[in-house]
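So you can see what is in the structure, the chains are spelled out below.
2 protein chains.
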Amino acid sequence: MNFKVKRIGLESGGKPIVVLNREDAESMGVRSLGRVKLSYNLRERVAIVNTATELLSRGEIFLYEEVYKYLGAPDGGLIEVEPVGFPRSTEYIRNKLRGRQLDSNEIREIVKDVVNGALSEVEITSFVIALAKEGLDLDEAVSLTNAMVETGDTLVLDKEVIVDKHSIGGVPGDKTTLLVVPIVAAAGLCIPKSSSRAITSAAGSAERAETLMNVELSVDEMRRVVEKTNGCIVWGGAIHLAPADDIFVQVEYPLSIDPLLLPSIMSKKKAVGANHLVIDIPTGRGTKIKTIGDASLLSKDFIELGKRLNIRTQCAITYGEQPIGHAVGPALEAKEALEVLSRRKVVPDLIDKATHLAGILFEMCGLEAGQKRATEILASGMAEKKLREIIAEQGGNSNVKPEDIAIGSHHTNVLSSNGGYVLWIDTAKLVEVARVAGSPRDKGAGIILNKKLGSRVKQGESLFTIYAESSVKLQRAEKMLEGLKIVAVGDKMEMLLDKIEDRPRHEKTFILER
Amino acid sequence: MNFKVKRIGLESGGKPIVVLNREDAESMGVRSLGRVKLSYNLRERVAIVNTATELLSRGEIFLYEEVYKYLGAPDGGLIEVEPVGFPRSTEYIRNKLRGRQLDSNEIREIVKDVVNGALSEVEITSFVIALAKEGLDLDEAVSLTNAMVETGDTLVLDKEVIVDKHSIGGVPGDKTTLLVVPIVAAAGLCIPKSSSRAITSAAGSAERAETLMNVELSVDEMRRVVEKTNGCIVWGGAIHLAPADDIFVQVEYPLSIDPLLLPSIMSKKKAVGANHLVIDIPTGRGTKIKTIGDASLLSKDFIELGKRLNIRTQCAITYGEQPIGHAVGPALEAKEALEVLSRRKVVPDLIDKATHLAGILFEMCGLEAGQKRATEILASGMAEKKLREIIAEQGGNSNVKPEDIAIGSHHTNVLSSNGGYVLWIDTAKLVEVARVAGSPRDKGAGIILNKKLGSRVKQGESLFTIYAESSVKLQRAEKMLEGLKIVAVGDKMEMLLDKIEDRPRHEKTFILER
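Protein chains in written order, with our numbering: chain A, 1 to 514; chain B, 1 to 514.
Quick caveat, the hints were computed from the structure, so don't treat them as lab data.
There may be inaccurate statements among the hints.
Which copy? The list can't say, so a pair holds if one copy fits it or any two copies do.
[Said to hold, decoys possible] Derived lysine-lysine pairs resembling DSS-like cross-links, with alpha carbons at most 27 Å apart: (1) 37 with 15; (2) 37 with 429; (3) 385 with 133; (4) 37 with 307.
Keep in mind it's a predicted model, so treat the numbers as computed, not measured.
Construct the complete structure from the given sequences, taking the supplied hints into account.
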């Protein structure tokens, strides 16, 4: 049947959605959530059908922007519409939900349909839950990784050795990437680093780097920067590496499940051609991985999967029970990293972590005494020089000084009500306060931790300082602190950590950054 | 923040959806799929946020019809919009997904949010899958049933004894309801029957009855008909009994899972006040329940759940390996039922099934020799008279004769290519052919089965006749038959049922009618 196109100018967020008059839909036998195939000249597109009774006459079809742009039919033009059944991939998803293993063709079909929008929310959700409940074996993880690479863009570099570093996240203030990339690149190794923006955290590496340079590069621009400097720090979202992951994460986030952790990380590494990889697994309460035992199991999975994908992989299990360094929030963290790189400040845990990770990569590539070498590159100023080169190539101010970085002009100190030692820090709550203060959207918002684990604290001393770009957000953050214990100070003999007065509600503190 | 309303005239299919300019959404911290609370005068509504960049200026909000009508704010008027987090029910869903049992308050909260649209597709899908994967115990089934009743309309009748009958479906041609309702009502028992429309079958009871009378009654009209005649046959969808179920089924259908079978059936019975119930469980290949063992287990579940809900329940396990009677399709089935009621035809299996089910209800209510009594009521013409009363009260032609019912004018006979006995009938495929011919939307479309199981067939004899309202659809049905074996004729000694030449694709033949 032919339908007359009406452009409505709305986006559906990637899904190919069309709207039909309900009677047209029924007479074609298309139920709501059913699908139609649209044809215009030589272009075809399967779309999901919504129905309406008003404002839309019989014979008219509303196109969301995604479909409108793809088809290229003019507003008012005629397109052909015919009903189609569930795509084959829905059958595979049902099979997985019933516990059957999927083969690589089936997985490729599912991922392809996820990316081209042929699967509905219901079906994508089922697939993610099926993976979470039934698990995925190594073959399936390999197939998923490859399918996610195939359905996205890739970076092709004319290099034999390409290294990469990834943190599975979960620890606030982790500005390690801002040190590792220039250290590694300064040593002559190629590190095309793509980073993510924050989902639930106070800052992603992309936002940290964005306070110094442009991170929204195309694949071509990324290649140019890496060819010139050996490194880069770009936002992965702009270059469509493994776009399936961006869709899966929309499901995983509200459900707090993350069955695609390994394939989604490895697909983004494979898409930039990495063949030597170090994975940072922050471990501790408040992070995703609570114990060293769990971290070891996860490491084994990464290493095995890497082997199958021709990516030599090692894992670093790192301490994750408190923020790395003192700063939490994009600008505060970029400033702290720049202070360390320019040797104005010594932040021992940050330096230790960055040099260890860089050192592992060095040793994987045959360089001896890796950490020592990394420390020398940092201490010599070579790493600072390299970062400034990258900043220049990515359109930033290569002469930037730490004090040039704009920090929120409103701030408040949170004082300790008693003396003693810092016993624990609730990192998840700390992140929530930083987010209420404006992080990561307000780049100058965040927290500076004035005391860390084990520090001696006097009554009335400042535990941490909250920064915000607006007084309203600062007030909101202060209000949030009422009744909340974020930095616990006490005598090391105090055994009662907290008391529960009501049935506890599990606050959502799951951390999904990859 | 205040936003200016723009009505877009689109329906979202029940969900409260609004569209914001992407920058507005980001500055409020609302991600796509996030939620906002809308306020206008004293009306408040939580809605799910989509974003757009074109056609929508900052400070404007597009309202889908559902939200527009609920809020009552005029096009161009101002409403207040503020971000809200995930509703509490999402936490309960996550818990269930991890295997925790839900209490009645948690289930009520989930169902309430399903009905008022506060949960997204992702979250509703998760809930349904969690129930399917983790199972639900009796307490949870009771809570779900009650919650589904509470969130919908109910029928209140001033009667002590209210009976009901339900088939879990799966066998084509099952027009039993058209006989059971008048038989039971003629005996003086009150039976306020609500029926469903077909989802995957060739006809639902609502469509069968609709060829004789109006089935889209309000609760008030339903009460009036029952008070006058003791019975009725209405479409449940029009009276919003357990509307949560209509939403759950949208998820269950594409996934071919049905964890809510018991609560959804029982909630619709409880909503009409039934306290004596017979459940028909058709059993056999092609139906939902393949074996008598499975049927017994399911019966036990229904009886237990009924006990907890104060609905005395008995189950009838019935033979489901071939259609009931000969006719499949709304008008053909209504005609066959009317022929039996008016004693123009004897259709043994249909009569046996209807009188058994009515008989069980009679005996549950203290009347002896139930089936005998039912048979007498049918044979005496009392049942026919009662159906005509109901037809009259529901706005139909109470003098309708079987030959008045319009049957599709195009038909074709499907002949047997060999002689022998009917060995088996593929009921699922039979339904598919009927649907391609136009059932249930084209009321006159369908199939008349000329031979049933065990019948002697000569080569060239007609196995079944396909009826359609258009020649195009008839051709499509004929085309579908190519290479398809629906009625198998052979010698009883033939052992090879079929041969598989390629990896079989599991065709979707799951039957979800409730």
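Results of checking the hints against the structure:
For the homomeric pair residue 37 and residue 15, the shortest alpha-carbon distances inside one copy (14 Å) and between copies (25 Å) are both at most 27 Å. In this homomeric assembly, residue 37 and residue 429 come within 27 Å of each other (Cα to Cα) only across copies, at 25 Å, whereas the closest approach inside a single copy is 48 Å. Taking CA atoms no more than 27 Å apart as the test, residue 385 paired with residue 133 passes in neither setting, with 48 Å inside one copy and 56 Å between copies. In this homomeric assembly, residue 37 and residue 307 never come within 27 Å of each other (Cα to Cα): the closest approach is 41 Å inside a single copy and 49 Å across copies.
The structure is inconsistent with the numbered hints 3, 4, although it conforms to all the rest.
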